[in-house]
Amino acid sequence: MREITRVVKAYEDAINQNRVVGSICEECQNISVPPRPVCRVCGSDKIDITTVDAIGKLLTWTVIHIAPPTHLDRVPYILGIVELENEQRLSGIVDLPEGVEPEFDMILRAEFEEGQEGASRLRWRRVREQ
Amino acid sequence: MREITRVVKAYEDAINQNRVVGSICEECQNISVPPRPVCRVCGSDKIDITTVDAIGKLLTWTVIHIAPPTHLDRVPYILGIVELENEQRLSGIVDLPEGVEPEFDMILRAEFEEGQEGASRLRWRRVREQ
Amino acid sequence: MEMAEITNNSIDAIYAGMLSPDVFEHQMHAAPGIPDYLGMKNTPSTRLEAACASGGLAIMHGIIGIASGLYDTVLSVGAEKMTNLPTAHVTEALAMCADDIYEVSSGITFPGAFAMMARAHEREFGTNAEMRASVAVKNHKHAVDNELAQFRKEITIDKAINSLMIADPLRLYDCSPITDGAAAVILVPWDKAKNYSGPKVKIRAFAQASDTMSLHDRPELTGFMTTKVAARKTFEMAKLTPKDIDFAEVHDCFTIAEIMAIEDMGFFEKGKGGSVTLDGETARDGHFPVNNSGGLKAKGHPIGATGVSQVVETFKQLSGIAGKRQLDDVSLGMTQNLGGSGSTIVCHILERGD
Amino acid sequence: MEMAEITNNSIDAIYAGMLSPDVFEHQMHAAPGIPDYLGMKNTPSTRLEAACASGGLAIMHGIIGIASGLYDTVLSVGAEKMTNLPTAHVTEALAMCADDIYEVSSGITFPGAFAMMARAHEREFGTNAEMRASVAVKNHKHAVDNELAQFRKEITIDKAINSLMIADPLRLYDCSPITDGAAAVILVPWDKAKNYSGPKVKIRAFAQASDTMSLHDRPELTGFMTTKVAARKTFEMAKLTPKDIDFAEVHDCFTIAEIMAIEDMGFFEKGKGGSVTLDGETARDGHFPVNNSGGLKAKGHPIGATGVSQVVETFKQLSGIAGKRQLDDVSLGMTQNLGGSGSTIVCHILERGD
Ligand SMILES: [Zn+2]
Ligand SMILES: [Zn+2]
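Residue numbers (the working numbering), protein chains in the order written: chain A, 1 to 130; chain B, 1 to 130; chain C, 1 to 354; chain D, 1 to 354.
No lab work stands behind these hints, which were simulated from the structure alone.
Where a beta carbon is used, it is the ideal one built from N, C-alpha and C, also for glycine.
Where hints are given, some of them may not hold.
Ranges of calculated distance between the beta carbons of each label pair, as one might list FRET restraints [unchecked claim]:
hint: 1; chain 1: A; residue 1: S44; chain 2: D; residue 2: W190; range: 29 to 39 Å
hint: 2; chain 1: D; residue 1: P177; chain 2: A; residue 2: T70; range: 24 to 34 Å
hint: 3; chain 1: C; residue 1: R232; chain 2: D; residue 2: Q326; range: 17 to 27 Å
hint: 4; chain 1: A; residue 1: E12; chain 2: D; residue 2: K41; range: 20 to 30 Å
hint: 5; chain 1: D; residue 1: R232; chain 2: C; residue 2: E154; range: 55 to 65 Å
hint: 6; chain 1: C; residue 1: K41; chain 2: D; residue 2: K270; range: 19 to 29 Å
hint: 7; chain 1: D; residue 1: D72; chain 2: A; residue 2: E27; range: 24 to 34 Å
hint: 8; chain 1: B; residue 1: G115; chain 2: D; residue 2: K41; range: 46 to 56 Å
hint: 9; chain 1: D; residue 1: E154; chain 2: B; residue 2: I107; range: 54 to 64 Å
hint: 10; chain 1: A; residue 1: E117; chain 2: B; residue 2: Q116; range: 30 to 40 Å
hint: 11; chain 1: C; residue 1: E154; chain 2: A; residue 2: G115; range: 55 to 65 Å
hint: 12; chain 1: A; residue 1: S44; chain 2: D; residue 2: D72; range: 53 to 63 Å
List time: in silico DSSO-like cross-link candidates among lysine-lysine, alpha-carbon distance up to 30 Å [what the hints assert, rightly or not]:
hint: 13; chain 1: C; residue 1: K272; chain 2: D; residue 2: K41
hint: 14; chain 1: C; residue 1: K270; chain 2: D; residue 2: K41
hint: 15; chain 1: B; residue 1: K46; chain 2: C; residue 2: K41
hint: 16; chain 1: C; residue 1: K239; chain 2: C; residue 2: K270
hint: 17; chain 1: A; residue 1: K57; chain 2: C; residue 2: K270
hint: 18; chain 1: D; residue 1: K192; chain 2: C; residue 2: K233
Just a sample of chain C residues kept apart from chain D, beta carbon distances all over 12 Å, derived [claimed, not checked]:
hint: 19; residue: Y71
hint: 20; residue: L148
hint: 21; residue: K153
hint: 22; residue: P177
hint: 23; residue: I178
hint: 24; residue: A322
Just chain A, same shape as in the assembly (with noise of 0.2 Å):
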């Protein structure tokens, strides 16, 4: 427990220092993207953390209309899974200029904006906006 509280605290620290991180097993060498406390290749707890690239291409996606209480003020909006180097993969929603439509494989990079309390959100973006 103590294991899962250390890296779910240290992806959410990341986020807020606009940083998306992965674990790195000692033994292996396997990155995980979220990070994790037990390698999934070789079963080690010896796990560092590590930043990670956040840049991915998009694998699927939804469009929500309808909503959670949590989400009712953002409705429609796109989520979706992406993939980064080495097949890590990520759920976030997907941030598109009005009128661009989601395709898959579209390149997409982590973005931060400023969400509850000043605690940092990730968004994904399209790479070709920039």
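Given chain A, work out where chains B, C and D with the ligands should sit, using these hints.
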């Protein structure tokens, strides 16, 4: 499930009519307060609803000082178990006049005060004070 | 219990599948309420929870209780009372079955998770809106003959593919409804079942599998590894193959879920689940009927009850008491009950008892 | 797991006792999160809930899984993360274990239910505030030697009987605290345990019993019928009597609960539980040590973890690895884990393994 809903609804409806009801078994005439969907004595589910005399003695009680959020405005309050005729028992708030302390076997009667949205609430009060 | 000629006193233990009486009914520790309200004395009653697969676990762990030799007669129950809460809160409650840290914080919903799989399935196999809708159309048609179904009205593909968008590409008619309900079975060792004259069915095999909480942590987005693992283990225990099974009740919480289930269980080739449904192969008069009860889509989906209800339907078919929806000449049926976005799967194979 | 020389791949199934990750952590379907975060693949993981007896059920149903022949190696876990919520909300959440319709609506709290029993016990047997406080004083003293305890500080009877009134007659020091925690055991068939060189202990017997949700529906207010029934069945399965047992870990969620437990389990005459505690008979150096770990009162009470933690403590004592709090020459220990206001009880008897 239909039966559970039926007996609970009968109980709640009766409270709103300022009455307390129990179930009476058509097979063995056993009375249960609060009403139950299946007779505890003979196992029959042939159950009728019957009004009972809501007067009894205080079996045990506590004075709640740390309350759940729903009852914060009432602390401290007395919560007791009252035994009616035939060893039937009910939990409830006991309202005593200023300066009167609860006592074992104190005779209490169900009275009804207005609750939320026009519904009645059962309160146990000392018989002597009337 | 009347049908099974069982009285309160002969129940040794109760297993109850419920997702969240906590959130839906403000009642934790709900399992002892069952023997309490049934007037039983001190009968152990255990709640099992694995989201929408809670009911399947109640059956499976009831069987394990009997197999252990500890119990002779078990009551396995599933129940959920969902309509106390407004829809937005039910949506939120169900989303709580997804991973809270990485998924729920991103605004995922239950339909949203399956919508992402539907899109991946469409990309890889061409499973389109019409194919998905054909699952709903079939299950609504099946439910017309189920007197216990929530919806007993046929719908059209046209109506389904034009219904309200919930989580693109899934629309209202791709989603199972919010339902109150309960289901129960009595389990006894097979050699003691002969003491009862009522209908009886043999549980041949069962298995349970888990997977990651988050969808993004799984290599495959077009099916469930859990379904594959649980189905394979169930077939192994039964010493059977998919070809031996006559019909199935699978977890169609969303239309795409039924399509993936019949593929992952091995009844149809991967990627063909949508087209075989559109072609009528899984209809009551098709060669492999699926969700002949109406499924979650039309029979209803009272979360904790669903897995038990699937076994009850299979029981009815195998004992020839399914009335107007009775299938001819069936001797082996299979169930697949899914929890969350597939983080738990429970499968059972049942066999005709005579 | 290192101590048990077990790797992830050898775990066949996980049983997890948790009261409400729903309410405490906004996470339903939490059980698959365990194999997920441990990096296990598709290992079935089942959540069991019976309020504060959830952990006891995780152990018991793990044993049943092994006894059925289905599994060889089971990981039974209990866990709760309670400190996310403010105290008033924890109070409300715990009160949700009482009967919602008749008790919660009356403003019952968890301490309130036990307070009403404490008063009935005082009336019938003279169990007074000092006797109740002596349970807390003893358990705090025991916890000083438990490096995993939440409180490792001795208290005095004077301090306890003058502490904040919570639910008259129960005061702050009569109540167990709000705690985060987890505990786990590995279960294997006894004949396979010999393959492991680490410490091992035999589970001799176990039983579970249920009772009415509402306190007012029970004929007796000075003890729990569930404790009596579960303890009797456990002794029967073990072919032992209370006299054979060397020590016990019992469910002292409130001081009065320990007093009633040691009476209802048959270790002391009914009504004497308070005076024997005051006399030191259940202290570490007494003739029958109770809650030598510090109990729920001082070790802490992370709801779902508690029942597992009791078995872990008993394991440590019976394998001689309890360090400073090691009891001399013990070969049989018993646990009693209580859910709600006694609506569920689970007991286990463990025996030294050599
Ligand atoms: Zn590694
Ligand atoms: Zn009767």
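Going down the list of hints, with the structure as the test:
1. Range check, A/S44 to D/W190: Cβ separation about 31 Å, and the 29 to 39 Å hint holds.
2. Separation of D/P177 from A/T70 is about 31 Å and conforms to the stated range, judged on CB atoms against 24 to 34 Å.
3. Separation of C/R232 from D/Q326 is about 47 Å and departs from the stated range, judged on CB atoms against 17 to 27 Å.
4. Checked against the hint of 20 to 30 Å, the C-beta distance between A/E12 and D/K41 comes to roughly 26 Å, which is consistent with it.
5. In this structure the hint that D/R232 and C/E154 lie 55 to 65 Å apart at CB holds, the actual value being about 57 Å.
6. Between C/K41 and D/K270 the beta carbon distance is about 20 Å. The supplied range of 19 to 29 Å therefore holds.
7. Range check, D/D72 to A/E27: about 27 Å between beta-carbon atoms, so the 24 to 34 Å window is met.
8. Between B/G115 and D/K41 the C-beta distance comes to about 54 Å, which sits within the given range of 46 to 56 Å.
9. As the Cβ distance of D/E154 to B/I107 is approximately 45 Å, the hint placing it in 54 to 64 Å is violated.
10. In this structure the supplied range 30 to 40 Å holds for A/E117 paired with B/Q116, their Cβ-Cβ distance being about 34 Å.
11. Under the hint 55 to 65 Å, the C-beta atoms of C/E154 and A/G115, about 47 Å apart, miss the expected range.
12. A C-beta distance of roughly 24 Å is found between A/S44 and D/D72, which places it outside the suggested range of 53 to 63 Å.
13. Straight-line distance between C-alpha atoms of C/K272 and D/K41 comes to about 27 Å, which keeps the hinted pair within the 30 Å bound.
14. Distance hint between C/K270 and D/K41 is fulfilled; the C-alpha atoms sit about 22 Å from each other, no more than 30 Å.
15. Restraint check for B/K46 and C/K41: the C-alpha separation of about 19 Å stays at or below 30 Å, so the hint holds.
16. For a cut-off of 30 Å, the pair hint linking C/K239 to C/K270 stands: about 22 Å separates their Cα positions.
17. The straight-line distance between the Cα atoms of A/K57 and C/K270 is roughly 25 Å, inside the 30 Å bound, and the hint therefore holds.
18. Distance hint between D/K192 and C/K233 is fulfilled; the C-alpha atoms sit about 23 Å from each other, no more than 30 Å.
19. Against the 12 Å criterion, C/Y71 falls within the reach of chain D, whose nearest CB is about 9 Å from its own CB.
20. For C/L148, the non-interface assignment is confirmed: its Cβ lies about 26 Å from the closest Cβ of chain D, beyond the 12 Å cut-off.
21. Once the 12 Å rule is applied to beta carbons, C/K153 is consistent with being away from chain D; the minimum gap is 31 Å.
22. Remark: the non-interface label on C/P177 is consistent with the geometry, its nearest Cβ contact in chain D lying 19 Å away (cut-off 12 Å).
23. At the 12 Å boundary, the C-beta of C/I178 stays outside the reach of chain D, the nearest C-beta of that chain being 16 Å off.
24. Taking the minimum C-beta to C-beta distance to chain D, about 30 Å, the non-interface status of C/A322 holds against the 12 Å cut.
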